[in-house]
Structure formats: structure tokens, C-alpha cells
Amino acid sequence: MRAKKPKQKLVLVGNGMAGVRTLEELIKIDPDLYDITVFGAEPHPNYNRILLSPVLAGEQTLDEIVLNPWSWYEEHGITVHAGRKVVAVDRVKRIVRADDGTEAPYDRLLLCTGSHPFVLPVPGKDLEGVIAYRDIADTQAMIETAKTHRHAVVIGGGLLGLEAANGLMLRGMRVTVVHVSEWLMNRQLDDVAAGLLRQSLEARGLTFRLGAHTQELVGDETGRVKAIRFKDGSEEPADLVVMAVGIRPNVALAESMRLHCDRGIVVTDTLQTVTDARIYAVGECAAHRGVAYGLVAPLFEQARVAANHLAEMGYGRYLGSFISTKLKVTGIDLFSAGNFMGGEGTEEIVLNDPADGVYKKLVIQGDKLVGACLYGDTSDGPWYFELLREGRNVRGIRDQLMFGAPGV
Amino acid sequence: MRETQSTCPYCGVGCGVIIESEGTQITGVRGDPAHPANFGRLCTKGSTLHLTATAAVTMQTRLLHPMRRTARGTAPSAIGWHEALDTATAKFAQVIRDHGPDAVGFYISGQLLTEDYYVFNKLAKGLIGTNNIDTNSRLCMSSAVAGYKKTLGADAPPACYDDLNHAQCLFVVGSNTAWAHPILFRRIEDAKRANPAMKIVVVDPRRTDTCEIADLHLAIQPGTDVMLFHGLLHLMLRESWTQPDYIAAHTTGFDALAARVHDCTPERVAQVCGIDARDLLETARLFATSAATLSLYCQGLNQSSSGTAKNGTLINLHLATGQIGRAGAGPFSLTGQPNAMGGREVGGMANLLGAHRDLANPAHRAEVAALWGLSEGHDVPATPGKTAVELFQAAADGDIRALWIACTNPAQSMPDQATVRRALERCEFVVVQEAFATTATCAYADLLLPATTWGEKVGTVTNSERRISRVRQAVPAPGATRHDWSAVTDFAQRLEALLPSSSAVSLFPYALDTEAGAEAIWNEHRESTRGRDLDITGLSWPMLDAQGPQQWPLPEGRSSGRARLYEDGVFPTLDGRARFYDVAYQPVAEAREPRYPFALNTGRLRDQWHGMSRTGTLGRLFSHAPEPVVQMHPEDMAGRKIRDGDLVEVTSKRGAIVLPAQSSTDIGLGQSFIAMHWGEEALSGRSHRGKRLAGVNALSNPAFCPESKQPELKHAAVQIVKADLPWSLLAVAWLPGDRVLAVQTALRALMPRFAFASCVPFGSGGALNAGTAERSGLLFRAADHDAAPADLLAEIEALLGLATPDTLRYADARQGQRRAARLVRSAADPTEARLDAFLLGGDTRSEAWIKPLLQDQLPAQAFGRQLLRPGATAPVRIQARGKVVCSCFGVTETAILTRLPQCTSNDRQRLAALQGELKCGTNCGSCLPELRRMLHATSVAAQPEAALS
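As given, the protein sequences belong to chains A and B, one line each in that order.
First residue of the first sequence: 27, per my numbering; consecutive thereafter.
First residue of the second sequence: 40, per my numbering; consecutive thereafter.
Hints listed in this document are in silico derivations from the structure and should not be mistaken for laboratory results.
Hints should not be assumed to be uniformly reliable.
[Stated by the list, open to error] Chain B stretches covered by chain A per the calculated footprint, using a threshold of three residues with CB under 8 angstroms from any CB of chain A:
| hint | stretch |
| --- | --- |
| 1 | 302-315 |
| 2 | 898-905 |
[Stated by the list, open to error] Reference excerpt, derived from the structure (chain B facing chain A, CB under 7 angstroms, subset only):
| hint | residue |
| --- | --- |
| 3 | Arg853 |
| 4 | Arg884 |
| 5 | Pro909 |
Predicted, not measured: the structure shown is a model, and the values here were computed from it.
Here a beta-carbon is modelled for each residue, glycine too, at the ideal position from N, C-alpha and C.
Chain A with its partners taken away, still in its complex shape:
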């Protein structure tokens, strides 16, 4: 009988959804392969960042969105260093060091440093009351501000911005959403669906300024923001400004490690960094085939492949993801996936039901479904997403496509 092989050391940097999901997948395959150590900058166990919006909206509590309580780490013998930010990695000695000096050696390193919100480089961006929307701290700041202040401006009419705006409104603030594009969620919706969304949100009480360019944020004598000024000279009062204009991958650590970064940490189809095969990157910080994903589904797909490889199975390949979008504003159903804007060489099928507030657009290219944009009724979204990912020929069911999966 062969002597038991000593356990390898796996270190995860980033106690978020991508990294912990990778651990979960790994443990499912082989729970005893690694000694696992986790560093997390936030002082919380792994929680579902996606559900911050319902927390802000008052529909869920922070406890309810925790994915892996401390007991989970304990159960699986995982060492956790929460609230400790990794500041350096010695790739030669294979040692990770945190800001408090804690060190951990590794055989394999998993980088899941995520992303940080992009802050518009405008005058006044550092005033009190100007925040981003990324984590529990931001969420709590917004909840507190809503108790004492009246006027909120959310810069960014994308997914996150609208969720923030909706939450702040539900917490009693008067909210104006400022968006630089002509229509909301322009990366996820076409103009028609965005128009319906806007109508629906306006009916709930949100105010919009579309095609608006922010000139600066104006502060009061105490150093707190009091207004937002636009390029056209007009102003809007603002006690709270939430920036939700996009995210940037967190690559500072990777760059300091001399890992190749381009829009993210560049990884192969097995999620190993191209620079160092012992090091993996999964999630928003990773750039796979030039794409850094900011949505949860691709991260989970990456997690499965990375875990497969870490478990020494080695046959999993990540080939990129089709992404689909849902907005977590209660009562608003929207869905988009693939090339929903269409364009040269594509064909569109469109359905409108204004009375029920439903709009659906399917984009077809070469007899395959390549994009979908649904508003008001997203029940067929999963089916379209499946058709899209599988690249099935839909010629035979084209006329029925808009009316739902057969037998449903």
C-alpha cells in the first residue's frame, strides 16, 4: 500500500462568490486533496453580492444573504483570514502575505480578487455622500443616509444603478437616475425594452435624466455633496450620489506579482494564469479570451472548470459564456442574452403587448437564435438561453419560437 501523499496547500485570495464557489466545486470532487486557506478583505463570510439590492430595498436582511456561514469553513477544515487584505505574493517561495503580516504558503494559488467600482473622474467625487455600490459597507451607508437625507442621485442607468435607485426610493428618498446614454441599461436592453422599463420605473416614482453628462459634484460648506451639475449647466439637488458606472477588475495584486494582465488577469481555458500555471484566476478579476465577466453565471461556470483542474481531473475546459441579464427590481421582469441588438446579417422577430407591458425580441442569424431581449414576460428566457448556448437550428420552430417552449 502506497504511503499517503502529503496534502497540497491551496490558498484562495478573495472570499467572494467566485472563489468560494470554486472551493465548493472542488470539495464536491475531492474533499481531502488540499489544505485550504482563505484570505478575505471584507470582515464577512461569503455572501451573495447579487442580493445586496433586495437588502437595500428592505426585502431581505444581511443574514439572509450569507452563502457560507463561518461554520461551513470550519466543517471543511478551511482556515479563514477575514478582514485581511493580501498585499504581496512571493511566487518563487510560493508564499502569500496579508496586510497584517499573516503568511500562508501555497502549492496552488487561486486569485479571486473581484473588481472595484469605477468612479467618474469629476470634481467633487471625493465629497462626503458620494459612494459606489459594491459591498455590504456601501449598502449600509445608503440605508443610513436614506434615514436622514432626501435627495439621491444615482449616476449610471445600468443594472446596478437601477437597483440602487429602486432601493433608495423604497427607503423613502427622491431618486434621480442620471445616465449618459439615450436609454437605460443600454448594454443589456434595446431602446424599446428600455423605454418600457423607464415607463415602469417612472410609474414607481423614479426620475430620469438620460443623455446627461456629469460636469461636477457640488459640495456644501461641510464638505458634503449638495448637488450634481451637468455639462449643459443645469443642476439637480443631491444629498447622496451613488456611482454605478461600471466596474474595473482588481488586478493590482496580480500586477505586483508580474502576472500578465490585460483588462483582467489573463487566463487560459483551464483558468490558469498564462504567466504561472500554479496560479488560477476566477471571476471578475480574470480575463478569458479578452473578456472579463461581471455577472454571476459565467463566474460559476469558471468555478466549475477551475475546480476540475485543481482536483487534477484536467478535462474541463472553459470556452467563454453567453451572458444573460435579469434586473432584481421586484415586479419588473426583463431578460437579455446574446446579441440582442442584432445588426448586419441578423434577423429579428418582435412581439409587442403594450397592454400587458410585454416586449420580446429574438435575434436570429443563420437559422440560429443568437440573441434575446425580453421585457415584462421572461418565462421563456431560460429556454431561449438554452437554444442560444446550444446553437440549435431553429428554422423548424421559428414561427412558434415567440410563443414559448413546446409543451409548456
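On the provided structure of chain A, position chain B as indicated by the hints.
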């Protein structure tokens, strides 16, 4: 409420109506119980007359002001009467001056009143000096005229409606009386009920509803009537069923005829006519040996290239068997139009003169010139004028340069539309005098003159049984409309000043726009009949007012007219004897051949009239036959892989049209049928050359009878092939009553943008006069090679109320799929919604459930986006009402078939039970033949043996 006694403007039965009105508005109509044509009854068309005279219909469809087009193809603009008539006068005077009087022509109508007719005739033949005046009666009755004159000596139907009560045998030939003359058919039903022994034989290539009352139906091959009649005479001679005494005493020319029919043996006749020789013998026996035999005939004999021969050889049978001049016996021509008879009386045709005088007779011409007061040297021109077909051919050839069309729609009704349209386009000046601005012919007019119509007119009409009735004005003329006679008189008075004088005083001394003027014209006409066979010198308007409608002749000194003619066996010929008509059988002008293997027949629908300018304004009149179709035998369809509803291209040597096919076993193999009503107003599209398709008469044959000059509208050889138009469109919408007809006009303009298009109204139906507001809508159907452009579909959607923000839409432009639907929530109950409009472009199979959903106004709230779903299976189960059989009470086929199994016992009791429970067939009765057919069909199924006995 005011009540005015007048007449119905539709068929030749000439029913009396009582028009109810409030102020300037007609509010109701009912049959006049005192009128001897109908005794208070009205048919589906007559009983809805008031609905065609509502303010909404008037505003949307009537021509209310004179209008002039400065260039063809442009929109006309309104002008005053003075300017309009001056324009017309100047142009007519110029053409007459430069090219002679025969360069102008008048094409008028059997729907004009006698007074209108009289003035037109006098204008052409008296003032202008041309006989180029003909009428749409040429398409209707001229073979009957020629037949009567050739045999009996005068254009006078010898029988009367009361003869139905005395006949023992009815010989109905070439007439779908049940649909074309419904009130007369009610009288036939009454007569049969009173005298069950009466036998009825119907001769018709089609198994029409008239056959439902028949003891024997002879489905002869199209156009073989003369062979049939000769064959009957052959058998009558063989069986010694003729009346040699009558023949010897009252006729001439029998021997030659007897020799001719010698070889018309039953075997040969059976073969040519496609009937059973035993039926031929039975028919001969019934005709000859019944105590009294009455023939009823109409367009089946008349609209034929041997129309006069058909009429004459039928009359031969009456003369040979003495079935004439007695109560219940005689050849009775049924008039198509309400006043074809009146028109003939005043000589309003190219070959006639007033009071049954002949153009060819110099003495007759002189009499008329004297009556009119023409000066010395001014005669009525001797050369016969051009008849309808010739008139338009001459215009197409450039010989007729100015054409005046009144009260008729030749761009719909004339055969060979390609020639007619060429004529209208080539003619330098076209005047159209019309009540409705919506007819196809209006599009060709340089000048449009607005005329009064039903309920507004003043004058007289003569019906099929020679009965003259007063037409009285119930409401004032709307807009700037004028009575036809008045406008023409005004024109004639102006023209007199421009032409060399033909008379010392005005030929047209009638007071314009007054009832006195019309009466003066009628009195002048009356004087012209003095001493003639139709002498009405004993009649006057006061007498018509006091004693009601009267039959002619009614000479001075008599107090009433004569019910039937030739009771003394003396005929209005030189020798007083009737003449047998000896003529050989000629087949149809255009034989079927391999390239054109189908016989195309045309005829009326039950609830429509002519080109539908009036009946076409009422959605409810479309419930019985909703859309244009060509009927074919199912075996012919199967052989060509044509299914019900498939579009087919029907082509003759003259043109082609596209329309859906409908299978019908009422039609023989190798035959087809299209209703005569479907002109380009309802059925059109775009030809291969990009021209607008002209409706059914694009196909019909202008070949005419050499005697009567009546064209063969009832037969053309055609090819029928499946049309290859893969992209189809169906758009259906309810529309506000004050918009629906205007939208229809707008949609008509879009029809040539498709290879095939039809546009018809429909109604909510239900019981007539139920007091509930009737809704109306439009159905637009089209097809093409490729998907229609989006802007065209958007235009149609906008017209049909589908351009609203709440419209449901589906579009797959690449596949040519576009669907739109609009649900309207009920104001009373917001959880209820009805479908108000939809458009299906591309895949129209969902028509099967979505059309009934809309038209039957079924609850649609459960559908939502499913309305846009393709496919023939309804996503939510619906129960459609089905086709309407009884349009007075809106009773459907489904309702009747559901009820029938509970009705037991014999057919008469079952019918009574049906009528008691559903009320169908208890008002106008026009659906009774169809009800009986349904009764028969179900009883045959139950007791196959009983049907044979």
C-alpha cells in the same frame, strides 16, 4: 313620423314599400300591404333599404355635389351645377359640331324611372339626332324583348303574378327565382301550398335554391336551352300533346319548325343537354298536358349569344300546346331591373322608339317626330344606334368621343372589361350621373353629376307584370343632388341654344326640380302610347294615387288595366297570328377547349344587388355570402389539387382574376360560378402587367345575340389554376358606423398594390329592427408573390384602427410575418375584452379561430398575446356562430343544425318547429329554400328510402 308609399329600387318584381321618415331622414321601411306585387312582403334586400339611406351612409358614399376632374387619375373637385352643365353642354356641342351627332353616346339604366328614361331618349334621338342611346337593360332584358316581338308581335309579357295561383305546371328556366325574385318565390310557395298538385320543373345548370321547391330539376349543360326546347317539342309532337286547333287558328310557321325539330330526338337532346331522356319526356308531358303551364324565365335565357332563340323557342312550346292566353298559362319573362319595362315603353334603347315603336319603321319615326314637335325636315335618325357592347367598342375605337353614363356602372357590369376600360380611358369626355360616388365607373369620369336615389325620387316604374307604380319622394334631395330627368332637362335646354334648332319651341318644356315637371313628362309619354299595344291613355297620376298601381294596357275609357294578354288569340302582328320561331340550336359562343376547359357561369347572390353600390353599404347583407369566391365541383378541384379557400387564377381569352375557390356539388363537372356582383370595388388586385384587376367581368364574353345584341354574360370558357401567391394577408376590423364606408373606399385604393385583394364589409347581424345598434366592419384579404412592404401594411393597419399604442404586434420581417391585434376592454366590465381588429400577414392560418372571435364578438380576454400565435388551432377553445342563413333574425347554420335533430315528424312540421323556436324564415322568407334544403338533407340521412319515394 311621415309615411310615403313608393317602390323598391331592386328587382323587377316591383314591390311596394312604405317609407317611414322623420324630417329629412328616412327612418324605416316596410312592405306596402296595398301593393299588388307584394301585399306587404319584402325580401332581405328590400327590408333593409332604410339602412342604406342613413345619414352615415349618405355622408360616406353618396355623390353630393357636381364634381369635375381636370385630368384623369386625379381627385375631382366640387363645382356648381351651372358650371357643370355649361361644361358638359360646351363639350357635347363641340363634339357634335366637329364629328357629327353619332360621335356622342348615352349609356343609361333600367334603374332609372320612366320619366328619366323619356328625357334621355328625347335628348338623344330628338335633339341631338343620334340613336346612340342604350341601357344596361341590354345586358338584362333585350333577348326577352326580341323573343316576344319575334313571336307574339309585341314586347309585352302576356302573363301576370296572379297566374301563379292558376297554374298547374310551373316551368322555371334560367332563373334562380328564389334569390333573384324572392317575393315572387314567396308567391310560388303560397301557390304550391294552396295547390300541392301543381308541378314545378326547374331548368338550370346549377342546383340553385329554386330547385328546392321543384318536382324535377333538369341540370342542362350551359347554353343548350334551345336544344332542350326543340327536344320537348319533338316529344310533344310524337306523343300528340300539341294543340293543332290552336296552332291552326292563331299561329303561322309551325310546319317549318316541326320539320326542324324532327331530328331533335330524345337521345340526341339527352346527350347534348346532359340530362336523362326520361326526365325530358316527363317535362314534355307536364308542360303540354297540364291544365295550365306558366313559364318563368330570366337571365339564363337572356344573357346568351342565342338569347332571342332561347326566348323564341320557349314561346314556341306555349303556342304549340295552347298554353297561352289563359289564366295560369303563358311565357312570363321576369324582369331583372325595377324599371327595365318602363325603359322599353319609352323606347330608351338604341333600336327602339317610344311606345313600342320601331326605329326601322319610317311611319313610326314620323309619328315620334310629330309627337315631339320636331320641325319639318328634322326626323328621328333612321340608323340604329350602337347597343351597349357596340357603344363601348366604338368608344374604344375612338368613334364615340363624348359619353354620358347615368345610374349604371359599366366598369363593373359590362362584359370584357379590358375593352370597356379602354373605352372609358380613350373617350374625350365622360359624364357620370350617379347617386353613389363609390362605383368603379366614377373613377373614369371627367364630370360627375349627383343624382337623387331611392326615397328621394319622383316618377313611375313598370314591373314584370306590366304594372305601373308611382315612385314618391319621402325626403328632400340631399346636398346638391337632382333628379336625373331634371339634370338632363337642364342640360338639354342649354344644348338647344347651341345646336341648330330642330323645333320651333323648346323640346324640353318641363319645370325643373318639381313633381309637376315629372308629371308633365309622364303625360307626354302617355300621349305617345295612344292606340299602341301599351295604351295607357286612360291612366293618370291622380288615378295612380287614388287606385294604386295599374297594369297596361289601360286605354282611355277603361277603369282598370288588363291582367293578361291574348286571351282572344289575337296577337299584335300584321295578320293577328303569333309566329313560331324557327331557328337552329347554336352552342355557346365560346366553346370549352383544352386551354380553357371550364364553363364560367355568373349570377346573383341572395342578399346583393348588381354592383353593390347600395347593398354593399350594409355589412349584414354580406352575412350570407361574405366574400368573393369561384365555385367549382369538388372533383374538379381535387383533380387540380385545389382545396377549399385556395386562391385560383381564373383566366379567359380576355382577362384574368384571382379569387378563392369554393367547392360546391350544386355545380356540374367542368363548370364554375362567380357571382355577378364582384366587381373591382370588392375584388381586385394587380395584373401581371401592373394594371388593376377588374372583377368578374374581366372574364366575361362580349359575344352577343345577333337579334337582341345581348351579350353572353352567362358563359365564358375559362382556365382555372391554383394561384402561386405564397404570401397572404387578412385584416379584419370593427369600425365606427360613420367611418366604415370611408375606410372601405380608402382600402379599395390599395387593392392594386397586391396581386390579389378583396375588400368587403360585414355586420354584427342579429335580428333586424331589434333596436340594438348594429356594428359594422371591414374584411380585407390579399395575397402576393412576396411579403407586402411594411409601409403598405402600416397604412392598412392605420385605416383599420391598428395604429394605436395598445395594439398587440408580432413581426418577423425576414419571414414576411406580421400580425397585429387590438383588444378593447369592456367599459362596463374591465375584466372583459373583445377583439376589435386584427391583421395577419404571411401565415394566415389562425384565421380559422381569430376571425370568428372577432366577428362573433366572443370574449377574448383569455387570449392576450396568444392572439398573435400562428396556426389553425385556437389556443383557447371558442364556439363560432357559423354562417348566417336567416339574415332578418341573424339565425346561423350552426343554430339550425343544432336544433334540427329535436324537430321530428314530416318536413313541414319540422320547418314549423324550427320557425317557432328560432324565428328563422318568418320575416322575409328569403332563406326558406335553404332551410328546406337543410331539412331534406337531414331527413334523407335519417330515412334513405323515404327520399326515393
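Evaluation of the provided hints:
| no. | hint | result |
| --- | --- | --- |
| 1 | 302-315 | violated (count 0) |
| 2 | 898-905 | holds (count 3) |
| 3 | Arg853 | holds (4 angstroms) |
| 4 | Arg884 | violated (10 angstroms) |
| 5 | Pro909 | holds (5 angstroms) |
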